[in-house]
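Trainee: Sequence:
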Amino acid sequence: MAAPVDLELKKAFTELQAKVIDTQQKVKLADIQIEQLNRTKKHAHLTDTEIMTLVDETNMYEGVGRMFILQSKEVIHNQLLEKQKIAEEKIKELEAQKRPSKNEKIEERQNKTPFSCHGQIITLI
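First residue of the sequence shown? That's 1 in the UniProt record's numbering, and the numbers climb one at a time after it.
Derived by calculation from the structure, the hints in this document are not laboratory data.
Hints are all accurate, no fakes.
Straight-line Cα separation of at most 27 Å, DSS-like style, residue types lysine-lysine; simulated pairs:
#, residue 1, residue 2
1, K41, K98
2, K85, K42
3, K42, K26
4, K90, K42
5, K28, K92
6, K26, K41
7, K83, K42
8, K41, K92
9, K83, K28
10, K92, K26
11, K11, K26
12, K26, K85
13, K73, K42
14, K98, K85
15, K11, K28
16, K90, K19
17, K28, K85
18, K98, K26
19, K10, K26
20, K42, K98
21, K28, K90
22, K28, K98
23, K73, K41
24, K83, K73
25, K42, K92
26, K42, K28
Starting from the given sequences, assemble the full structure and let the hints guide the process.
Mentor: Take a look at the structure:
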């Protein structure tokens, strides 16, 4: 009878450990993506700031793949604003996804109830 209890305990411990590791990986991935999006947003903002100092009639080249397309200042400005807006929305989405992951992690740590097995108390770490 000792073996089934030990197996159940081991299984519960392994499942909990796998959940914690998975949650940690999700949070790290979200942090990396948020950092990248913040860089993209900042780059677009700085570029837009520099472009706005130019005369309104200035035409510019937009890089598309391996070629350049002649565009007006207004078109480039709108594209940069859109890029910033999209990055901000994605950051908010990732932050929202990250919150439940952190809450799960906290819950899992709080649910670490000690298991008793043959007089021994075992706490899941």
